[in-house]
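> Note that this note's numbering has the sequence shown beginning at 1, numbered continuously upward.
The hints are simulated quantities; they were obtained by calculation from the structure and are not laboratory data. Among the clues, some could well be false.
[What the hints assert, rightly or not] Straight line, CA to CA, 16 Å or less: simulated EDC-like cross-link-like pairs of lysine to aspartate or glutamate:
{"#": "1", "residue 1": "12", "residue 2": "76"}
{"#": "2", "residue 1": "12", "residue 2": "26"}
{"#": "3", "residue 1": "75", "residue 2": "34"}
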Amino acid sequence: ETFGTQVLNWWKLLNPTWRQACPSGEFLQSGEGDWGVLDVSGRNGLLSVLACMRWWHDLGAEDMNSNPQWIYISKDVSWVV
1 ETFGTQVLNW
11 WKLLNPTWRQ
21 ACPSGEFLQS
31 GEGDWGVLDV
41 SGRNGLLSVL
51 ACMRWWHDLG
61 AEDMNSNPQW
71 IYISKDVSWV
81 V
């Protein structure tokens, strides 16, 4: 697994259980519920996700704007924030 795949899988695990996923595994950017699981400090908090995204971007050998995993997580994290 690449670092990016690991970050994406971790992001999916951190999200609240009420978020629904498409058949492709990506979360729908809709719905309402408690976001408390992401409102934590430490290694499983939103700041850690943003830091890992930065590292992933900096490690990216290819154009990150054409990487489908990067595009998805960027849009989804932006929607959540």
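> Indicate, hint by hint, whether the structure satisfies it.
Here's how the hints hold up against the structure:
{"no.": "1", "hint": "12 / 76", "verdict": "holds, 10 Å"}
{"no.": "2", "hint": "12 / 26", "verdict": "holds, 8 Å"}
{"no.": "3", "hint": "75 / 34", "verdict": "violated, 20 Å"}
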